[in-house]
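Build out the structure end to end from the sequences listed, making use of the hints.
Number of protein chains: 2
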Amino acid sequence: MPLEFSLKLRLVRGDEVAMGPGKADLLEAIAQTGSISAAARSMNMSYRRAWLLVEVMNRCFVEPIVVRSVGGSHGGGAHLTDTGARVLAEFRKMEAAALGAAQAHGAAFADLLK
Amino acid sequence: MPLEFSLKLRLVRGDEVAMGPGKADLLEAIAQTGSISAAARSMNMSYRRAWLLVEVMNRCFVEPIVVRSVGGSHGGGAHLTDTGARVLAEFRKMEAAALGAAQAHGAAFADLLK
Numbered sequence: 014m015p016l017e018f019s020l021k022l023r024l025v026r027g028d029e030v031a032m033g034p035g036k037a038d039l040l041e042a043i044a045q046t047g048s049i050s051a052a053a054r055s056m057n058m059s060y061r062r063a064w065l066l067v068e069v070m071n072r073c074f075v076e077p078i079v080v081r082s083v084g085g086s087h088g089g090g091a092h093l094t095d096t097g098a099r100v101l102a103e104f105r106k107m108e109a110a111a112l113g114a115a116q117a118h119g120a121a122f123a124d125l126l127k
Numbered sequence: 014m015p016l017e018f019s020l021k022l023r024l025v026r027g028d029e030v031a032m033g034p035g036k037a038d039l040l041e042a043i044a045q046t047g048s049i050s051a052a053a054r055s056m057n058m059s060y061r062r063a064w065l066l067v068e069v070m071n072r073c074f075v076e077p078i079v080v081r082s083v084g085g086s087h088g089g090g091a092h093l094t095d096t097g098a099r100v101l102a103e104f105r106k107m108e109a110a111a112l113g114a115a116q117a118h119g120a121a122f123a124d125l126l127k
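Same order as they appear, the protein sequences are chains A and B. For the first sequence, the working numbering puts the final residue at 127, and the numbers step up evenly by one. For the second sequence, the working numbering puts the final residue at 127, and the numbers step up evenly by one.
These are calculated hints, taken from the structure and not from any lab test. Any given hint could be a false lead.
[What the hints assert, rightly or not] FRET-style restraints, in silico, Cβ to Cβ:
(1) Asn71(A) - Arg81(B): 28 to 38 Å
(2) Ala121(B) - Asn71(A): 42 to 52 Å
(3) Ser59(B) - Arg62(A): 22 to 32 Å
(4) Lys106(B) - Thr94(A): 32 to 42 Å
(5) Tyr60(A) - Gln116(B): 50 to 60 Å
(6) Ala44(B) - Arg61(A): 38 to 48 Å
(7) Met56(B) - Leu65(A): 54 to 64 Å
(8) Val75(A) - Val75(B): 42 to 52 Å
(9) Ala117(A) - Glu76(B): 19 to 29 Å
(10) Pro15(B) - Thr94(A): 18 to 28 Å
(11) Arg54(A) - Pro15(B): 54 to 64 Å
(12) Pro34(B) - Arg62(A): 22 to 32 Å
(13) Ala120(A) - Glu76(B): 14 to 24 Å
(14) Glu41(A) - Ala44(B): 38 to 48 Å
[Claimed, not checked] If we take Cβ atoms under 10 Å as the criterion, some of the chain B residues that face chain A in the derived model are:
(15) Ser19
(16) Leu20
(17) Val30
(18) Glu41
(19) Glu76
(20) Ala117
(21) Leu126
Beta carbons are placed, not taken as given, at the ideal position from N, Cα and C, and that holds for glycine.
Below, the structure is given as structure tokens:
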């Protein structure tokens with residue numbers, strides 16, 4: 014049976030998670046849908062929870078990660094800032110690097126697992 | 014504020030987690046205490062849950078990972094087999110490699126976090 018690796022990486026700043034798998038997925042969904050409410054729906058997440066995650070990210074980084082689009086209101090449009098897009102891209106690179114490093118050691122388990 | 018990395022790595026085989034952070038901690042506690050029940054207590058885990066985790070590991074690998082010591086009974090002695098010790102050591106190496114790879118990308122976030 015093939016061995017699969019599951020990896021969850023979180024960037025922790027004080028007592029807050031500045032970035033993690035759920036926040037990264039939310040950022041991708043916001044980028045795709047152009048809206049926090051649509052992004053939340055696509056993830057089966059409440060709007061309130063999505064906004065809480067966005068607020069945590071916005072206060073952890075030097076610049077906001079997600080901003081409302083002009084004219085947006087509750088449930089209106091939102092998009093990633095340049096900083097937000099960079100944070101997301103760097104986090105995905107970091108996850109990929111960590112997973113790659115784990116997989117490189119996978120051979121050690123190949124003969125140990127049934 | 015310093016950035017910390019939290020990483021959870023799991024080795025998944027079919028629908029079971031063959032090895033993960035909790036199982037690795039349990040193996041270390043069994044190695045230290047020489048007993049599943051004492052290991053479970055030290056982790057605030059029920060004996061039943063500890064045994065379930067041990068059973069999953071024992072059936073995922075080519076050889077048992079934890080065996081009862083001679084004369085042991087419910088709550089009696091237990092120890093890691095050579096295979097168990099090797100699985101634990103390789104998993105910790107794998108975790109360290111993954112964390113190291115993530116941290117190597119941490120500089121990208123240094124100027125982005127508040």
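Right, here's what the structure says about each hint:
{"no.": "1", "hint": "Asn71(A) - Arg81(B): 28 to 38 Å", "result": "53 Å, violated"}
{"no.": "2", "hint": "Ala121(B) - Asn71(A): 42 to 52 Å", "result": "19 Å, violated"}
{"no.": "3", "hint": "Ser59(B) - Arg62(A): 22 to 32 Å", "result": "31 Å, holds"}
{"no.": "4", "hint": "Lys106(B) - Thr94(A): 32 to 42 Å", "result": "39 Å, holds"}
{"no.": "5", "hint": "Tyr60(A) - Gln116(B): 50 to 60 Å", "result": "34 Å, violated"}
{"no.": "6", "hint": "Ala44(B) - Arg61(A): 38 to 48 Å", "result": "45 Å, holds"}
{"no.": "7", "hint": "Met56(B) - Leu65(A): 54 to 64 Å", "result": "31 Å, violated"}
{"no.": "8", "hint": "Val75(A) - Val75(B): 42 to 52 Å", "result": "50 Å, holds"}
{"no.": "9", "hint": "Ala117(A) - Glu76(B): 19 to 29 Å", "result": "24 Å, holds"}
{"no.": "10", "hint": "Pro15(B) - Thr94(A): 18 to 28 Å", "result": "24 Å, holds"}
{"no.": "11", "hint": "Arg54(A) - Pro15(B): 54 to 64 Å", "result": "36 Å, violated"}
{"no.": "12", "hint": "Pro34(B) - Arg62(A): 22 to 32 Å", "result": "25 Å, holds"}
{"no.": "13", "hint": "Ala120(A) - Glu76(B): 14 to 24 Å", "result": "18 Å, holds"}
{"no.": "14", "hint": "Glu41(A) - Ala44(B): 38 to 48 Å", "result": "41 Å, holds"}
{"no.": "15", "hint": "Ser19", "result": "4 Å, holds"}
{"no.": "16", "hint": "Leu20", "result": "5 Å, holds"}
{"no.": "17", "hint": "Val30", "result": "8 Å, holds"}
{"no.": "18", "hint": "Glu41", "result": "18 Å, violated"}
{"no.": "19", "hint": "Glu76", "result": "8 Å, holds"}
{"no.": "20", "hint": "Ala117", "result": "7 Å, holds"}
{"no.": "21", "hint": "Leu126", "result": "6 Å, holds"}
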